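Colleague: Read off the chains here:
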Amino acid sequence: MKKTIKVFDLCGEYCIDENDVKNLSQVLIDEIRNGYKVELDFSEVDTVLTAFLNSVIGDLFEEFDYNIIKQHFTFTEDTSKAIKEKFYRSLENAKNFYESPKEKQEEIKERVRKIFIKEIDVNEPIQHSSG
Amino acid sequence: MNPSNIPRAEVYDLRNIDQPPSYKYFLDTNILKFVFARSFIREKTYQIEYYPQFFRTLTKNKIFKFTFIYNLLELMAVLDRVEEELLQIKIIKSYRQNNLEQYLLSRQAIFEDVQKSLNLLTTTINIDTITDYFNIDYSIDLYDFVYHRLAQSGETAIVTDDYEFIFIPDVKVFTANQNAIQTASRFRRLNSLS
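For the protein sequence lines, the chains are E and R, in the order given. All the letters of the first sequence, read from the start, carry residue numbers 15 to 145 under our numbering. All the letters of the second sequence, read from the start, carry residue numbers -16 to 177 under our numbering.
Because the hints were derived from the structure by calculation, they are not lab data. Bear in mind that the values here come from a model prediction, so they are computed numbers and not experimental data. We put the CB at the ideal spot given by N, CA and C, even for glycine. Heads up, a few of these hints could be off.
The list that follows gives simulated cross-link-like pairs (lysine-lysine, DSS-like), each with its CA atoms no further than 27 Å apart [stated by the list, open to error]:
(1) R/K99 / E/K98
(2) E/K36 / R/K99
(3) E/K95 / R/K45
(4) R/K7 / E/K20
(5) E/K95 / R/K99
Pair by pair, the computed Cβ-Cβ distance ranges are [said to hold, decoys possible]:
(6) R/R(-2) / E/S57: 54 to 62 Å
(7) E/K123 / R/N118: 21 to 29 Å
(8) R/Q98 / E/S57: 37 to 45 Å
(9) R/D63 / E/I82: 52 to 60 Å
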């Protein structure tokens, strides 16, 4: 059974932020759980950031393994090559990470976290002198 | 109190802004990072929550937003480090060979995302800028000072997670950094759009 999910209906014209990630991820997860194969329709969508797809793929990997994800997704015919490439690239990157041993995953996660969180450390409260 | 420790910017809490004013928004590298380079390993931080959201709001409202080539290069450096970790490029040589193409394509995809979503500007630092830089009474690096000069024109706002920007006089700073917001509020530099 196949179900077509129109991304525009869930995320609008711009696939950028985490609220939209959550909206889309939850629907995709539910459809796969319900036994559907999902056809993604990106018509009317103007912008799909790579980071957005990374986040969606991250959510999917929390629930399913690589083979299930790969087997369950197709795209409508009018989907651009660029979007498909982004999706599959993100999937392969995630596979590389999630198929590493758990210990290795934690190690990589921590290193990536430090790259992102470095700015936060800089922003720790500065003690101002008074008077 | 040292003047450099007193907030002098007009600070705005961007977390719940639906209708941003029509300034030209300069996006600092730290914002580019949270919008464009976040990987599938996602931290539940306010940066990941609010900066892409604000970016989307600016995009939706077709408001001019830009960054400098210098910031894009900084972003690429961050991305390189993330990809190196994810693809373990440094760790195993065979991985590097097998994943080099994937790595370069990921880099290219982000580059294209930025190019499509933002105006990219070049900037030059001339001797007058450097002279002025040595006469300021607050702490900031030279590149950030260039943005400061730009922002003082009045029509430009800076979107940043960097706490230090609130100490720059006469600039508009849009941030979700709680420390910056609280400090600005304490010194009555926190502005409201209503």
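Colleague: Range hint 52 to 60 Å: satisfied by the CB atoms of R/D63 and E/I82?
Modeller: violated, 31 Å
Colleague: Holds or violated: are the alpha carbons of E/K95 and R/K45 at most 27 Å from each other?
Modeller: holds, 26 Å
Colleague: Is 37 to 45 Å right for how far apart the beta carbons of R/Q98 and E/S57 are?
Modeller: violated, 23 Å
Colleague: Is the hinted pair R/K7 and E/K20 satisfied, with a Cα-Cα distance of at most 27 Å?
Modeller: violated, 33 Å
Colleague: Given the range 21 to 29 Å, decide if the beta-carbon distance of E/K123 to R/N118 lies inside it.
Modeller: violated, 45 Å
Colleague: Taking 27 Å as the top limit, are the C-alpha atoms of E/K95 and R/K99 close enough?
Modeller: holds, 16 Å
Colleague: Within 27 Å, alpha carbon to alpha carbon, are R/K99 and E/K98?
Modeller: holds, 17 Å
Colleague: Starting from E/K36, check that the Cα of R/K99 is at most 27 Å away, please.
Modeller: With Cα atoms ~24 Å apart, E/K36 and R/K99 stay inside 27 Å; holds.
Colleague: Given the range 54 to 62 Å, decide if the beta-carbon distance of R/R(-2) to E/S57 lies inside it.
Modeller: Violated: the Cβ-Cβ distance is about 32 Å, outside 54 to 62 Å.
Of the hints listed earlier, those the structure fails to meet are numbers 4, 6, 7, 8, 9, in rising order.
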